[in-house]
Each structure stands twice: as C-alpha cells, then as structure tokens.
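Enquirer: Taken in order, these protein sequences are the chains called A and B. For the first sequence, the residue numbers in our numbering are 4 to 117. For the second sequence, the residue numbers in our numbering are 268 to 381.
These are computed hints drawn from the structure, not numbers from a lab. A couple of the hints might just be wrong.
[Said to hold, decoys possible] Output of the computed footprint for chain B on chain A, the stretches with three or more beta carbons under 8 Å from beta carbons of chain B:
id, region
1, 15–29
2, 84–91
[Unchecked claim] Restricting the straight-line Cα-Cα distance to at most 25 Å, the calculated cross-link-like pairs of lysine-lysine (DSS-like) are:
id, chain 1, residue 1, chain 2, residue 2
3, B, Lys-323, B, Lys-338
4, B, Lys-323, A, Lys-60
5, B, Lys-338, B, Lys-321
6, A, Lys-60, B, Lys-321
7, B, Lys-323, B, Lys-272
8, B, Lys-338, B, Lys-272
9, B, Lys-272, B, Lys-335
10, A, Lys-74, A, Lys-60
11, B, Lys-323, A, Lys-14
12, A, Lys-74, A, Lys-17
13, B, Lys-323, A, Lys-105
14, A, Lys-74, A, Lys-105
15, A, Lys-60, B, Lys-272
16, B, Lys-335, B, Lys-321
17, B, Lys-272, B, Lys-321
18, B, Lys-335, A, Lys-60
19, B, Lys-335, B, Lys-323
20, A, Lys-60, A, Lys-105
Here a beta-carbon is modelled for each residue, glycine too, at the ideal position from N, C-alpha and C.
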Amino acid sequence: DTGVSQDPRHKITKRGQNVTFRCDPISEHNRLYWYRQTLGQGPEFLTYFQNEAQLEKSRLLSDRFSAERPKGSFSTLEIQRTEQGDSAMYLCASSSRNFNEKLFFGSGTQLSVL
Amino acid sequence: DQQVKQNSPSLSVQEGRISILNCDYTNSMFDYFLWYKKYPAEGPTFLISISSIKDKNEDGRFTVFLNKSAKHLSLHIVPSQPGDSAVYFCAASREGGSARQLTFGSGTQLTVLP
C-alpha cells in the first residue's frame, strides 16, 4: 500500500496527558499537511511542511500543539496537556511538487480526550 | 466565517437516478475546486476537481460544474449507485502563501437507495 498512513488509528487519553501521532506520506510527495476534523464539519487546516520545513501554521494550532518532519519524510504531531476540546479526527495529507492542489489523505487518528 | 458552504447536510437518491450536490463559496480568490468523498472511519478520498478557467469537468459518472459569477459549484453523479453513499466534501484553494491550503465545506451525506 503506497498511500498515506497514520498511526495510531484511535487514541483515548485522559485530560492533561500528552499524545503523539505519526504520519507517513506517499514517498515521492514533498508536501505534508495536518488537518483536524470535528463531527459535522469539514477538515480544517492546521499546518504544512515542504520537505522538512514547517512553512505555515493555522491560528488553530495553539502553543500546546507541535509538529515536526525530520528529514522531510514522516511527520509527528504532538499535543501537550490535552483538553476535551482537542477530541477530533486528525488527518494527514500529502501532495506532490508537480500537482500540489490535489491532496491525498490518510485514514486519520481519532483522538478522544476523557 | 465559512468561506465554503454546503447547505444540504443530507441527500437521498434512488439508485440509477442523478445525484446533485451543491456548494457555494464566498472568496473570489479561490481558483481551484475539488470534491472529496469520505466513508466512515476513512480519510477523504479525492474524487474530481476543476480549475477556475473551466466551467465543467467530467470523469466517468462524475461531472463538476462551476459557475464563477454565482460562486457556485455542483457535483453530478449519474447514474447513482449504492456504493456512492458517503459524505461528500467540497473544497477550494487559492494561490498565495507557500501552501495550497484547502478550505472545506461541512459536507453532504449522500444516501443512494437500492
């Protein structure tokens, strides 16, 4: 399977705990995005990487959120001191240099903060 | 500030008939539009797109129409099949910045009845 893969698929945590999600993009894609989707809404942009450089961050991305993409391959999204409002589906997507309008999404990580 | 709106949260259609999903946008800077399909517990899957220089794009049973003056686009599926039952998201993007961020609508749940 050469699509975008995300791990874990589901994460249940207690409020105040830290969580980390991983995304492996399509191998030849140099652009990587994180989106968040809550129930009844469409995905909302969080942040964007071109290779290893984090080039854009949404104001939705509070100081408790940090994302990395070391070596321009996989990416991690960490949420510190989770809050119940962080409960959502976290989606990773990637796109190629030559066709960057079309994003390919992974299956997402469903986070539940109790 | 919802720049991309899908005003019908749900739509039911008989198998074999046409499904028409609608989307309105407010930002005249959007120049590329996409439709994604999402099944439960999966990430959105790219379906079809259209550039603002066109008013129609077809791919098999799927056709997207763009009316720039009305800031409206629609997705036609004909004939509809039960496997088309999913949530359909309209998304838009624009030039500028370092990323082609997608702005999504809130989705329309399509149910195709056998």
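Enquirer: If a hint holds in the structure, say so; if it does not, say that too.
Expert: Evaluation of the provided hints:
no.	hint	in the structure
1	15–29	violated (count 0)
2	84–91	violated (count 0)
3	Lys-323/B x Lys-338/B	holds (14 Å)
4	Lys-323/B x Lys-60/A	violated (33 Å)
5	Lys-338/B x Lys-321/B	holds (13 Å)
6	Lys-60/A x Lys-321/B	violated (31 Å)
7	Lys-323/B x Lys-272/B	holds (20 Å)
8	Lys-338/B x Lys-272/B	holds (11 Å)
9	Lys-272/B x Lys-335/B	holds (15 Å)
10	Lys-74/A x Lys-60/A	holds (19 Å)
11	Lys-323/B x Lys-14/A	violated (41 Å)
12	Lys-74/A x Lys-17/A	violated (31 Å)
13	Lys-323/B x Lys-105/A	holds (18 Å)
14	Lys-74/A x Lys-105/A	holds (23 Å)
15	Lys-60/A x Lys-272/B	holds (23 Å)
16	Lys-335/B x Lys-321/B	holds (9 Å)
17	Lys-272/B x Lys-321/B	holds (21 Å)
18	Lys-335/B x Lys-60/A	violated (29 Å)
19	Lys-335/B x Lys-323/B	holds (11 Å)
20	Lys-60/A x Lys-105/A	holds (19 Å)
Checked against the numbered hints given earlier, the structure breaks hints 1, 2, 4, 6, 11, 12 and 18 and satisfies all the rest.
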